[in-house]
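Asks: The residues making up each chain are set out below.
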Amino acid sequence: MAKPRIAVFKFSSCAGCQLELLNIEDHLLDVLGAVDIAYFVMAKRENHEGPYDIGFVEGAVTSPKELLELKKIREECKVLVAMGACACTGGLPSIKNFAGTQRQAEERVYTELWDIKSIPAYGIDYYVKVDAYLRGCPIDIGEMVELIKSALLGVNPHFRPHSVCNECKLKENVCLLVNKGKPCMGSVTAAGCGALCPSLNRPCEGCRGPANDANAASLAQTFLTELGLTRDDVRRKFLKYAGNTPEFRKGAEAV
Amino acid sequence: MEAFVLPKAELGGFVAKLKADYEVFGPVAKDTEFVFGPIAAAEDLRLDYDTTILPPKKYFHRPVETLFKFDGAVEIAGEGEKVGKQVLFGVHPCDVNALLSLDKVFLGTYPDPYYKARRENTVIIGLNCVAPCENGFCSSFNTGPAMDAGFDLALTDIGDRYVVEVGSAAGKELAAGLAAASADDLIARNKALRACQQKITRRIDAENLGELLHQNVEHPKWEELKEECLACGTCTTVCPTCFCFGVKDYVDLTLKSGERPRTWDSCMFYEFSRVALDHIFRPDRAARIKQRIFHKLAYFSQQFEGSPGCVGCGRCVSTCIKSIDPVEIVAAIQANPNPPKEVKLFTPVIKKITPEKSPWEPQKAVIKAIKPQTKDTTTYTFAFVDAKVQEAYTYDPGVFNMISIFGIGEAPISISSCADVKDSFDHTIRAVGNVTNALAKLQVGDIVGIRGPYGVGWPVEEMKGKNVLLVAGGIGLAPLRPVIKYIQARRDQYGDFEILYGARTPNDMLFTDEFEEWRKIPNTRLYLTVDYVPPGVEWGHNIGVVTTLFDKMASRPENTIMITCGPEIMMKFVVRGLLARGFSPEQIYVSLERRMSCGIKKCGNCQIGPVFVCQDGPVFKYADIKDLPEEIF
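Protein sequence lines correspond, in order, to chains A and B.
Letter 49 of the first sequence, counting from 1, is numbered 49 in the numbering used here, and no numbers are missing.
Letter 469 of the second sequence, counting from 1, is numbered 724 in the numbering used here, and no numbers are missing.
Quick caveat, the hints were computed from the structure, so don't treat them as lab data.
Fair warning: there could be bad hints in the mix.
Pairwise CB distance ranges (calculated) [as the list claims (entries may be wrong)]:
#, chain 1, residue 1, chain 2, residue 2, range
1, B, Ile-608, A, Lys-71, 55 to 63 Å
2, B, Gln-452, A, Asp-233, 27 to 35 Å
3, A, Ile-141, B, Glu-257, 51 to 59 Å
4, B, Lys-696, A, Glu-75, 22 to 30 Å
5, A, Ile-116, B, Pro-790, 53 to 61 Å
6, A, Arg-74, B, Lys-827, 35 to 43 Å
7, B, Lys-324, A, Tyr-110, 53 to 61 Å
8, A, Asn-23, B, Asp-460, 52 to 60 Å
Listed below are the simulated DSSO-like cross-link pairs for lysine-lysine, each with C-alpha atoms no more than 30 Å apart in a straight line [claimed, not checked]:
#, chain 1, residue 1, chain 2, residue 2
9, B, Lys-643, B, Lys-511
10, B, Lys-337, B, Lys-606
11, B, Lys-454, B, Lys-476
12, B, Lys-503, B, Lys-324
13, A, Lys-171, B, Lys-696
14, B, Lys-481, A, Lys-250
15, A, Lys-171, B, Lys-274
16, A, Lys-129, B, Lys-696
17, A, Lys-171, B, Lys-359
18, B, Lys-313, B, Lys-626
19, B, Lys-481, A, Lys-182
20, B, Lys-371, B, Lys-274
21, A, Lys-171, B, Lys-503
22, A, Lys-65, A, Lys-44
If you want the ones that stay clear, here's a sample from chain B, every Cβ over 12 Å from chain A, calculated [unchecked claim]:
#, residue
23, Leu-362
24, Glu-466
25, Lys-577
26, Ser-613
27, Gly-795
28, Gly-837
Don't be surprised by glycine CBs; every beta carbon is placed ideally from N, CA and C.
From just these sequences and the hints, can you work out the full model?
Replies: As structure tokens, then:
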């Protein structure tokens with residue numbers, strides 16, 4: 001079998017996930033041995049047209065032009081992967097969805113509005129079928145490699161949709177919320193990052209989106225009544241990365 | 256009780272002596288909390304600790320552990336990390352008792368070689384509690400503040416020295432050179448422990464706890480907890496008696512070689528009870544909370560010879576963001592209980608099986624024949640590569656094997672042949688998950704891994720001299736086919752035999768080429784039905800769900816055993832229909848085989864109430880399971 005052709009695309013995002021992809025050094029030679037990177041503008045000068053076996057899409061869709069491109073990419077890729085928080089749930093760009101009308105959001109950013117054609121920011125599965133998700137801001141390289149292997153084997157990747165708390169406790173971290181009173185979102189956020197932030201003494205910001213059966217409303221109450229956050233602070237926490245998801249929306253609306 | 260004293264001033268020398276022969280682990284400070292970690296010298300030890308983040312369970316049942324490595328299907332190397340001699344220093348009574356409970360899980364049926372090796376190589380120096388911890392309620396279960404078993408040495412702080420009790424020959428050796436405890440020392444020890452006991456105010460009234468919970472399966476408290484609980488699984492992760500885990504294969508980029516590790520898992524997680532086709536048996540958070548509390552406070556002792564499933568260490572309370580507390584839950588139920596009713600507690604039969612080699616390591620088996628049954632279902636004929644293994648292989652109708660495709664994983668699949676055939680065995684498999692889809696790509700001559708046989712099969716002995724009614728739906732006919740073959744070969748030992756078989760369409764029926772043969776078995780009737788007939792397909796039999804055949808059948812409740820397997824919704828209506836026709840729950844046998852995972856009563860995935868489907872079943876008498884706290888059908 002010929003090596004599978006892989007493509008990497010970018011929409012509205014900071015390009016951090018692509019950069020993380022370039023940090024793959026430890027696995028780079030093995031991955032290059034297993035796949036053919038056909039299209040990756042950030043990494044190579046010579047890029048090839050589709051079709052591709054696996055397409056990785058970074059970024060949220062925030063304009064009609066991006067939407068047309070996304071639909072073309074979907075047709076060209078056998079397996080389509082949403083790469084990173086923006087492509088999975090709308091990510092940081094989706095903050096604008098909760099800041100008034102689209103026009104109001106545009107006015108806050110641009111002075112010349114005549115050429116601005118923007119739409120609310122959604123993850124790419126709002127528009128096209130997505131086969132797999134690499135969560136996080138940025139993605140986790142271990143999960144990336146696991147996903148490539150699973151796609152080559154034709155099986156579902158072994159991702160853990162459990163809470164970040166699970167990975168955090170396995171590392172025997174002192175709990176930032178219970179023991180330090182910090183508003184950590186690990187209990188309702190999907191694991192897979194190895195509890196990276198809490199392990200570095202930083203509360204989880206929820207970048208990987210909701211864990212399965214996340215009870216954000218209950219955590220929002222704790223933030224409000226026990227940690228003394230303001231209503232706006234609690235709302236902002238749940239809308240920051242995955243406010244488009246019904247689970248985190250419940251957290252924002254619970255206060 | 257043989258007892259010595261260890262002056263605190265001599266602790267350093269004592270630990271240094273241990274270090275000569277053992278790796279020493281004990282409580283150390285981590286930020287504002289404590290964890291069990293390596294001890295370089297006695298100064299590292301924090302014997303004033305209250306509790307640790309993770310229990311010492313982590314030294315025996317590892318959070319992540321490789322069961323074996325593989326290279327393709329041919330090379331399988333038993334793994335398990337090398338275990339040196341180690342000492343756990345300063346283990347509190349709750350955690351010592353938790354290990355005694357875990358021993359029942361991992362050293363009972365199919366002893367786990369990795370856990371066993373570590374247990375045998377570890378010396379436990381316990382530390383009785385002279386001050387209660389904030390959230391502990393150990394005295395409720397008699398698992399603290401003092402320990403009376405499970406240690407090699409047990410220390411009690413009596414001021415300037417420790418009283419050192421001896422609990423084993425190894426402990427006695429380590430105590431060599433210590434001065435004997437005086438009568439005053441022992442009085443001081445008892446005083447200190449009694450004083451601590453009196454200060455423990457948090458308590459679960461453990462009297463008839465199992466009955467209380469079983470009577471309150473439905474209680475407003477569970478719905479209240481559902482609103483509170485974050486489903487983060489921290490309570491189970493830090494629990495010293497939780498044993499559940501998941502097993503997955505991981506390959507390297509060659510896609511051929513890799514390893515099969517097990518990783519701690521939790522019944523608090525949404526996908527814990529997920530099976531093929533993405534069905535989840537416990538999707539409701541309230542049901543999962545109930546499972547945890549019931550397992551800790553009731554099921555565990557039903558499952559493992561009265562061992563406590565909760566030792567009152569209080570970790571789940573201390574680490575819960577919402578402060579969900581078993582003491583408070585039980586008190587709330589006791590304060591406002593449902594009206595009493597009689598409850599029948601299921602008591603499993605404890606088996607002890609000790610295989611020669613690791614129960615995790617599959618035997619290699621070769622695919623001898625492949626026979627398509629329907630569009631997505633195939634019968635594979637296997638034989639073990641090792642002729643001696645094949646020769647010795649025997650099984651009861653209705654039991655199952657774990658089939659491995661190395662690099663993809665394992666799946667439990669019932670055996671569809673009868674053990675009367677000696678040189679091979681069959682599995683009839685529908686391609687619906689990772690393993691079964693990978694199997695569908697294999698060819699005759701390819702190798703797979705097989706562990707088994709496991710479980711309890713159909714009651715072919717009890718059925719002797721009686722009439723048999725067999726009701727199958729779809730793929731459910733596969734585990735019933737061995738019974739048909741078994742009865743066919745022993746026809747004179749059974750009465751009338753009726754087979755009712757339903758499938759979605761005529762093209763979804765299995766073993767159609769055997770129907771004529773089955774019809775020729777004396778005193779046997781075969782009735783067929785399908786849900787619908789697609790245009791252009793010929794069908795001369797019944798149309799409708801399988802229960803519509805009940806009006807045609809001759810079987811009556813008298814002297815009849817009924818066995819059924821199929822989708823749970825089908826079995827539910829079959830059971831209801833037969834009860835309405837006068838069959839008793841004692842006459843009805845069902846198979847719950849979809850729920851199994853490890854096959855050897857270790858991973859916990861298949862639990863329904865106190866039942867382990869993989870070992871207590873998959874075939875159950877309906878009377879035994881109809882009152883389980885988790886309604887089945």
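Asks: Against this structure, judge whether each hint is valid.
Replies: Status of the hints after comparison with the structure:
1. B:Ile-608 x A:Lys-71: 55 to 63 Å: For Lys-71 (chain A) against Ile-608 (chain B), whose Cβ atoms are near 58 Å apart, the range 55 to 63 Å holds.
2. B:Gln-452 x A:Asp-233: 27 to 35 Å: Violated: the Cβ-Cβ distance is about 45 Å, outside 27 to 35 Å.
3. A:Ile-141 x B:Glu-257: 51 to 59 Å: 56 Å, holds
4. B:Lys-696 x A:Glu-75: 22 to 30 Å: 27 Å, holds
5. A:Ile-116 x B:Pro-790: 53 to 61 Å: Given about 56 Å between the Cβ atoms, the range holds.
6. A:Arg-74 x B:Lys-827: 35 to 43 Å: 41 Å, holds
7. B:Lys-324 x A:Tyr-110: 53 to 61 Å: At 57 Å between Cβs, range holds.
8. A:Asn-23 x B:Asp-460: 52 to 60 Å: 56 Å, holds
9. B:Lys-643 x B:Lys-511: Roughly 28 Å separates the two Cα atoms, so the pair holds.
10. B:Lys-337 x B:Lys-606: 29 Å, holds
11. B:Lys-454 x B:Lys-476: 29 Å, holds
12. B:Lys-503 x B:Lys-324: 12 Å, holds
13. A:Lys-171 x B:Lys-696: 39 Å, violated
14. B:Lys-481 x A:Lys-250: Roughly 15 Å between the alpha carbons, so the hint for Lys-481 (chain B) and Lys-250 (chain A) holds.
15. A:Lys-171 x B:Lys-274: Status holds; Cα separation ~26 Å.
16. A:Lys-129 x B:Lys-696: With Cα atoms ~26 Å apart, Lys-129 (chain A) and Lys-696 (chain B) stay inside 30 Å; holds.
17. A:Lys-171 x B:Lys-359: Between Lys-171 (chain A) and Lys-359 (chain B) the Cα gap is close to 27 Å, so the pair holds against 30 Å.
18. B:Lys-313 x B:Lys-626: Answer violated: Lys-313 (chain B) to Lys-626 (chain B) is near 46 Å, above 30 Å.
19. B:Lys-481 x A:Lys-182: Roughly 24 Å between the alpha carbons, so the hint for Lys-481 (chain B) and Lys-182 (chain A) holds.
20. B:Lys-371 x B:Lys-274: 23 Å, holds
21. A:Lys-171 x B:Lys-503: OK: Lys-171 (chain A) and Lys-503 (chain B) at ~20 Å, within 30 Å.
22. A:Lys-65 x A:Lys-44: 24 Å, holds
23. Leu-362: 24 Å, holds
24. Glu-466: With a cut-off of 12 Å, Glu-466 (chain B) remains clear of chain A, as the shortest Cβ separation is near 30 Å.
25. Lys-577: Check fails; 7 Å does not lie beyond 12 Å.
26. Ser-613: The assertion about Ser-613 (chain B) holds, with a minimum of 22 Å to chain A.
27. Gly-795: 40 Å, holds
28. Gly-837: The claim stands: Gly-837 (chain B) keeps its Cβ more than 12 Å from every Cβ of chain A (closest is about 43 Å).
Checked against the numbered hints above, the structure violates hints 2, 13, 18, 25; every other hint is satisfied.
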